[in-house]
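Novice: Given next are the chains, with one letter for each unit.
There are 2 protein chains.
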Amino acid sequence: MNETLKTLLQHRTIRKYSDQPISDQDLELILKAASSGSTMGGMQLYSIIVTRDKEKMKEMAPFHFNQPMATQSPLILTFCADFNRFNKYCLFRDADTTAYNNVQAYHWAIMDAMIATQNACVAAESLGLGICWLGTVIYNADKFVDYLKLPAGVVPLVSITVGHPVEKPEPPYKLPLEAVVHYEEYQDYNEQSINRLYKEVESHPQTLQLLEENQLPNLARIITEKRYKKEDNLYFTTVINQVLKKQGFL
Amino acid sequence: MNETLKTLLQHRTIRKYSDQPISDQDLELILKAASSGSTMGGMQLYSIIVTRDKEKMKEMAPFHFNQPMATQSPLILTFCADFNRFNKYCLFRDADTTAYNNVQAYHWAIMDAMIATQNACVAAESLGLGICWLGTVIYNADKFVDYLKLPAGVVPLVSITVGHPVEKPEPPYKLPLEAVVHYEEYQDYNEQSINRLYKEVESHPQTLQLLEENQLPNLARIITEKRYKKEDNLYFTTVINQVLKKQGFL
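Chains B and D, in that order, are what the protein sequence lines are. Per our numbering, the very first residue in the first sequence carries number 58; after that it's consecutive. Per our numbering, the very first residue in the second sequence carries number 58; after that it's consecutive.
One or more of the hints may lead you astray.
One copy or two, it doesn't matter: identical chains are merged, so the pair holds either way.
Claimed, not checked - Each computed DMTMM-like pair below joins lysine to aspartate or glutamate, with the alpha-carbon atoms no more than 25 Å apart: (1) LYS302 <-> GLU288; (2) LYS111 <-> ASP245; (3) LYS303 <-> ASP199; (4) LYS286 <-> ASP153; (5) LYS225 <-> GLU60; (6) LYS287 <-> GLU116; (7) LYS303 <-> GLU241; (8) LYS302 <-> GLU242; (9) LYS63 <-> GLU85; (10) LYS283 <-> GLU269; (11) LYS303 <-> ASP289; (12) LYS303 <-> GLU248; (13) LYS231 <-> GLU242; (14) LYS89 <-> GLU227; (15) LYS63 <-> ASP83; (16) LYS302 <-> ASP289; (17) LYS89 <-> GLU257.
Please keep in mind that the hints were generated in silico from the structure rather than gathered at the bench. Since the model is a prediction, treat every value here as computed from it, not as a measurement.
If we strip away everything but chain B, and leave its shape as in the complex, we get (with noise of 0.2 Å):
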């Protein structure tokens, strides 16, 4: 197996870092190998926020929810969807500012956005260096708009913390492969299916430790009624759709 299959394979999530710094030349790889993508017809639909500030950090930790990782690793790369860049572009070519200004036009540059994040990530873990996804980014994504000074036709989506690693956790559970991939079309789950695929991750120690401290009887009530709850998710799709208004996609 090749180098670029291992690093893939062995990723793990990594929420705890030395103190060293990343260094310019390891930065500037990452950042090289995140613009290095495909994107939708060369139109670089994204941008990168670098935060190596440590009071930054610690201005933007409640936008975190005060996540310790958001504070305590060296580096934090803010990926978001960006229209504006070459909305401007338009603009001082007297061409149409406005094509753009809708949510097919978005979806092109939140995977743009995000072809770039995972290239940051895999090239972050080739380097020896641990990332962690910070998803609150797309909880408070008006807060991050206001602090990062992100002008309309920008959208941040997600934030990666990326550091020297001082753990080494356990893979995480995964459902088995023939879970997630569907051969010519989809086929749709049933309660046999689903209790085969589950079997796995509902018998594994972390879940079963979980089960314990929610003293709730599965995985999916712990989810649904601990983690991510309806009415949080409602309340931040107000959110989401807010900022998507304000910046001209909705």
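Given the structure of chain B, go ahead and fit chain D onto it with the hints provided.
Specialist: This is chain D only, laid out in the frame that chain B set:
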């Protein structure tokens, strides 16, 4: 520089493939790499549809606007945002099945699907294979939903064609790194910075050839008037909105 960085930095879109099929071993490595990335709360909110049947490729070709790659590659992988599997898991565990019928949750599933997509691309390229993103899926999402039999909770986002390359195209032109990277906060663009950042792209031989072919004065006008026109984007916005409503996210 390590092998993984080389793979990332040497990315080229490959549109021409030999007839040689992708081996089962390579396909399995690509799919395993795709499923090895980060995922929101461990939920694995994506599915991958594998297309190897040439008849099915031909039937789907019109939905890809008959791009040659859509029938001439030996393998197409279609990546979908997928909350159906997790919702079904909730259904069979007496948990809330409606917590994720919203735009916030849709964003998580898009991100999970894009992590898987980009990992698959990097894995394929590390194996010496070539890939091409087909953005047409998000245009004709309604047709892919029907053809691939995607149930509620599943939205098709992108297809990747994979094959053994028979071309070695020039590296794509990119904006300089400073165009997409911001330090600590977003620095908005003005006419001067746009002129500077787009100078290399605008003087690239590929661009000059496009201007000649299209008889238009600049790339912005070509993209807004020929390639990605406002009227098309608005039409395909209605399509994706209908799909998001039908699939339960709006």
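Novice: None of the hints should be skipped; say for each whether it holds.
Specialist: Quick rundown of the hints versus the structure:
In the homo-oligomer, the alpha carbons of LYS302 and GLU288 lie at most 25 Å apart both inside one protomer (21 Å) and across protomers (19 Å), since each shortest distance falls under that limit. Taking identical chains as interchangeable, the C-alpha atoms of LYS111 and ASP245 lie at most 25 Å apart only when they sit on different chains, with a minimum of 23 Å there against 47 Å within one chain. In this assembly of identical chains, the alpha carbons of LYS303 and ASP199 lie at most 25 Å apart only when taken from the same copy (9 Å versus 28 Å across copies). Only between protomers do LYS286 and ASP153 lie at most 25 Å apart by alpha-carbon distance; the minimum there is 9 Å, versus 41 Å within a single protomer.
For the identical chains of this complex, LYS225 and GLU60 are neighbours both inside a copy (19 Å) and across copies (23 Å), given an alpha-carbon limit of 25 Å. Taking the closest pair of Cα atoms, LYS287 and GLU116 never come within 25 Å of each other, the shortest separation being 28 Å inside a single copy and 39 Å across copies. For a Cα distance limit of 25 Å, the shortest separation of LYS303 from GLU241 across copies, 22 Å, qualifies, whereas the shortest one inside one copy, 40 Å, does not. Within a single copy, LYS302 and GLU242 get their C-alpha atoms only as close as 35 Å, which misses the 25 Å cut-off; across copies the closest is 21 Å, which meets it.
When the C-alpha separation of LYS63 and GLU85 is checked against a cutoff of 25 Å, the pair qualifies both within a copy, at 23 Å, and between copies, at 14 Å. Taking the shortest Cα distances, LYS283 and GLU269 sit within 25 Å of each other inside one copy (14 Å), while across copies they are farther apart (60 Å). In this homomeric assembly, LYS303 and ASP289 come within 25 Å of each other (Cα to Cα) both inside a single copy, at 21 Å, and across copies, at 23 Å. Taking the closest pair of Cα atoms, LYS303 and GLU248 come within 25 Å of each other only across two copies (23 Å); inside a single copy the shortest separation is 43 Å, beyond that limit.
Taking identical chains as interchangeable, the C-alpha atoms of LYS231 and GLU242 lie at most 25 Å apart only when both belong to the same chain, with a minimum of 22 Å there against 36 Å between chains. In this assembly of identical chains, the alpha carbons of LYS89 and GLU227 lie at most 25 Å apart only when taken from different copies (18 Å versus 30 Å within one copy). For the identical chains of this complex, LYS63 and ASP83 are neighbours both inside a copy (20 Å) and across copies (14 Å), given an alpha-carbon limit of 25 Å. Taking the closest pair of Cα atoms, LYS302 and ASP289 come within 25 Å of each other both inside a single copy (20 Å) and across two copies (20 Å).
Proximity of LYS89 and GLU257 under a CA criterion of 25 Å is satisfied inter-copy only: 17 Å between copies versus 38 Å inside one chain copy.
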